[in-house]
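Undergrad: Each residue of the sequence shown is one higher than the one before, counting from 2 in the working numbering.
Since the hints were made in silico from the structure, they are not lab data.
Cut-off 27 angstroms, straight-line C-alpha distance, at most; resulting in silico cross-link-like pairs (DSS-like, lysine-lysine):
#	residue 1	residue 2
1	Lys-149	Lys-133
2	Lys-133	Lys-121
3	Lys-67	Lys-104
4	Lys-101	Lys-133
5	Lys-133	Lys-119
6	Lys-119	Lys-67
7	Lys-161	Lys-149
8	Lys-101	Lys-119
9	Lys-104	Lys-149
10	Lys-121	Lys-67
11	Lys-101	Lys-121
12	Lys-67	Lys-149
13	Lys-130	Lys-119
14	Lys-130	Lys-149
15	Lys-104	Lys-121
16	Lys-104	Lys-119
17	Lys-161	Lys-67
18	Lys-149	Lys-119
19	Lys-101	Lys-67
20	Lys-130	Lys-101
21	Lys-149	Lys-121
22	Lys-104	Lys-130
23	Lys-149	Lys-101
24	Lys-104	Lys-133
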Amino acid sequence: MPESFDIDPLQLDTEFYLRFYTGGYRDTGYGHEFLEFDIRHNPGDNYATLRYANQSHYRDEELIRKQVCVSMLVLETIKTIVRESQILLESDLDWPDPLKESKQELEVRSGRNIKRFKTKNISSLVSIKSQKDSQGLSVFYYLVQDLKVFVFSLISLHFKINPLQI
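Between the sequences and the hints, there should be enough to build the whole structure, so can you do that?
TA: Okay, here's the thing in structure tokens:
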């Protein structure tokens, strides 16, 4: 089992990487549908890179990819969300195994420390009540919801704002 570690949101001289993926392969003709985002900060940079991808086949849409550079304050906020969730104290050993058609993955790296989580898709809190580690899955569920709302807001705002004409 990977060791737990802590993240200092104010520590900027360490590499930080967070990746979330949810999706799977469907035999209904839609193929691979997924949502994925990651944020990366390299030591010495005064920004972080946020990448977002969504393949839903909803109304025959194409793959949506977005990439933005975000401030250190945004990076600090994401680190704080992860730290306060206490997900790094959890383990996915007793979580339901991911399925081909339904899985979620979360990876958090800070310096040389890495923590990875994998489970089947969690659609609601009700679906985890009967699981062996329902408390750990709840922590995962709430963290994922917080991260998705934050990332969706950043992406949406970034691509809706018009630059000032000087």
